[in-house]
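*Asks:* Those protein sequences? They're chains A and B, same order as listed. Numbering follows the numbering used here, with no gaps: position 232 of the first sequence is 232. Numbering follows the numbering used here, with no gaps: position 224 of the second sequence is 224.
Hints were generated in silico from the structure; no laboratory data involved. Worth double-checking, as some hints may not be accurate.
[What the hints assert, rightly or not] Distance windows between CB atoms, simulated: (1) B:Pro218 <-> A:Arg11: 56 to 64 Å; (2) A:Phe149 <-> B:Ser130: 52 to 60 Å; (3) B:Phe159 <-> A:Gly27: 41 to 49 Å.
Given the structure is predicted, the values throughout are model-derived calculations rather than measurements. For each residue, glycine too, the CB sits at the ideal point set by N, CA and C.
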Amino acid sequence: MNLRQFREITRYPSAIIGLIIIIFLVGLSIYTVIALPYEEAVNKWRGGDRVWQDNPRGVPPTWVNLFRSKKLPESIIFDTATDETIQKQVTPLDENLTDIVYTFQFDYTADEFPQEIILFFTSTFEKKAPYISLLWKTPDGREINIGDFSIERAYTRRISQDDKLAKELGGPPEVMLFADPNSEERIPLKGTYTLEIAGLAFEPESTFNVKSIIYGKVFGLAGTDHLRRDLVLGLLWGTPVALAFGLLAAVITSLLTMFIAATGTWFGGWVDSLIQRITEINMMLPVLPILIMVGVFYSRSLWVILGVVILLGIFSASIKSYRAMFMQEREAGYIQAAKAYGAGDVRIIFRYLVPRIFPVLIPSLVVLIPSYVFLEASLAVLGLGDPIMPTWGKIINDARVNGALLKGQYYWVLEPSFMLMLTGFSFAMLGFALDRIFNPRLRGM
Amino acid sequence: MTVDAQADAVTQARYDTLKRIGKYTIVRFFMLMFAVIIGVYITILVANMGGYVDDILRSEIRERIAIQISLDPQYKELSTEERKELQEKLVALEEKRLGLDKPFIVRSFGYLKNALTLNLGRAQNMTSDSGSRQVKLIILERLPATLLLFGTSFLLNFFVSLFFALMLSRRYGSFWDRVVVALSPTSAAPGWFYGIFLIVIFAAWLGILPYGGMVDAPPPEDPLHYALSVAEHMILPLLALAISQIFLSIYSWRTFFLIYSTEDYVEMAKAKGLSPRAIERRYILRPTLPTIVTNFALAAIAVWFGAIIFETVFNWPGIGRVYFQAIGLFDTAVIVGTTVLYAYLLAATVFLLDIVYAFIDPRVKIG
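Put together the whole structure using the sequences plus the hints.
*Replies:* Here it is, written out as C-alpha cells:
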C-alpha cells in the first residue's frame, strides 16, 4: 500500500463519485452536529405538539410544486404576539369595555385548498374573558361570520373541526371558505382574503393575542410527518448516526477479526483450531434474530445494539480468508528473519503480519460499512430503532406504520431511503474500486 | 496394466470418493448440530436476559391462580388474609411444578432440550391460522410460504448469475460487462430496501401489482388461478431480492472466471484447439465452482436473516412475518421458537451446500 496505489483511484470514476458523496455525507454530519447540538435536536424531535404545532401534518416538501401543474398552498401564519406589522385597532368603548380588532390580509394563489385552519388564542384577564367574533372576507366581497365565542387564558379554535360552521357552509370550512362560489368544481378562488378577529375585552387591563395558522399542503425542504415534525431534522441527524454506527461497527469488527486471525495463524495448534471452531459456530448463529431479541427484551439503545453487532461480528467468515493469507505470509522470508533476530510474538503479529494484510482489509472494510448502516435501518424499520435518536430507518418505520404508501405520501419513505441509498452506494462504489486497485489479481478487471 | 486392474482401480477410486464424502458428510453433520445446539443455547440465554422469560412465566402463573381462586366457590368464605396465603401456596406449588424454583442454569438445559426437539410450548398471545396456540404449529404453518419465496429466489439467482457471469467473462470489457460492473454496488442495500421502491412504483403509483401478501383476498377456488395469483404476488419480492443480489454475484463470479481463464492450463487447452464451451465447462467452471458455492452459501445465509424484515415489508405470510408479529406482541415463546427454527434452517442450508461442495471439490477433506 503506497501513495501510488492511492493515486490510482483517480482512474476509477466510480471511486471518485463515491468519494465525493462520502465527503459530502461526512461534511453534512459535521455541520449537523455543530449546527444542531445533540440535546437540542433530540428535545426538538421528541418535543411533540408544543414544538411543531405551526407545521402542517404529513405534507410533502415545498419543491414538489415545481413538478405540479396544480400548486399546493404553503402555510400562512399570523402571530400578533411576535409580528408588529399586523394591523391592530383598539377602541375603548367605556371605562371597562375595549374593542380590539386584528386584521389579517393575505393573497391566496394556490390551486388546492389548505389542510386546516386553527387559531391559537392567549389572553390576560381577571374574571371575565374576552369575547371573540371572527369575520372572513373573500376576494369577491362576501363576508362570512365564522364564529362567536369567548376564550380562555389559552384557547385553541379549530375552524376546520367546527361542525356547526361546516353545516352552514355546506362542506369542510377550510374548503368552503376558499371555494369559488361560481364554479361547478370545488376550486379555490384566488385573490386577497381578510380575516378580522374582533375581541371585546371586559376589563381595562384585559387583552389577547392570537396566532392564526392556515395550514398549507407543502412544507420546508423535506416535508413533515404525522406529528407535524420537520423531516429535515430527522434526515440531518440520521447522517452522523448512520455513519458513526457503520464506521464503528465495520472498523472494530474488521480490526479485531484480523488480529484474531493473525494470532491464530501465528500460534497455530489448539489456538488456531479453537478460533476456527468458534468461527464456524458463530457463522451459524442467527444474528438478526438475536439482535431483535436484544432489542425487544433488553435495550433498544443504538450503542447496546452496536456492542452486540460487534460481538457477533468478530468471529465472522472473513477470519477464514484472512487465515489463508496469513498462512502464506507466515512462511515469508522477512518473518523468518524477524524470528531469527528474536522478535517476540506480539511484535511479529502487530508489526509484520497485520500490516501486510491491510491492503486487502481496506476495501472489505469500506464495503462492510453500508451493510452495518442497513442493519441499523433494518432494525429500525422493524420498530426496534433507538428510542431517542432520530434515524433514517425510524423515519421509514414511522411512514410504514402510518400507511404513508397507501396515502400517497411517497416523499416520507423516499427521502430517508434516498439518504440510505446515497450512503450505501458511495461506500460500495469506493470499496469495489479499492478492491480492484489493492487486489493484484483483479487489476484491470 | 490389465483391463481388469484398470476397472478395479476405477471402482476403488469411486469407492474412495464415496467414503471420503460420506465421512465428510457425517463429520459436518455433527459439527453443524453442535453449532445449532450452541446457537439455540445462546438464544435461550439472550431471551432470558435479566430473567425476562421467568418474569413473564411467574406473572402468568400468579394471574391464573388469582383468577382460579376468585372463581372457585369453595374459596368464597375465606378472608382476604387466608386467600392471600392460599394463593402464595398455590403459586409456589405451580412454580415448583414448572421447575421455576431451580436455578436458571439448570432450567436452561431443560429449555434447550425442549427447543431442540421443537417442543416449543404454547404462545402467550398468538394463534395459528387454524386456531391453535402451539408455537410449533404457528411456525410450521408458515414455513412453506417462506420456503417457496426464498427457494425460488435462491435457484433463480444462482442459475441466472451463473449464466450471465459465463457470458460476460467471454465478452470481457463489453458494454454489458461494464454495465454489470457499474451496477454491482446495488448490493450494498438489502432486498427489503428495493422492495419499498418497487412497491412505491408498481403498487402505489402504477397500481399494476399487489402491495404485498401471498394471494388475492379472498383466495381463488380453483388451483390454477390460485397458483397464478401466488405467482403475481411473487413478482415484486423476487425482483427486489434479485436487484439486491444478482449484479454483485454476476460481477464477482465473472471476475473469478476471468482470473481462472488466465491460468496456464486454459491457455494450453486453447492451444490444443478445444472448443470454448469445452474449455468453459472443464477448465473454468469446474475449478471455480467450489468458491462459487461457498459465496452462494454465505449469500443464502444472509438472505435467511433478511427474511424477517423482507417478509414484513411485503406482508408475506412466512416465518419472518410471524417473528415480527411476535415482537409486536412480546410473545417470547414464539420469538424463541422462530429463532430455533432459523438456526435449523440455516444449518440445513449449510449442510446441503456442504454436500454439494464435497461432490464438486475433490480436494475437500475434513477439518
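*Asks:* Indicate, hint by hint, whether the structure satisfies it.
*Replies:* Now for the hints, and whether the structure bears them out:
no.	hint	verdict
1	B:Pro218 <-> A:Arg11: 56 to 64 Å	59 Å, holds
2	A:Phe149 <-> B:Ser130: 52 to 60 Å	57 Å, holds
3	B:Phe159 <-> A:Gly27: 41 to 49 Å	44 Å, holds
When each numbered hint is compared with the structure, no violation occurs for any of them.
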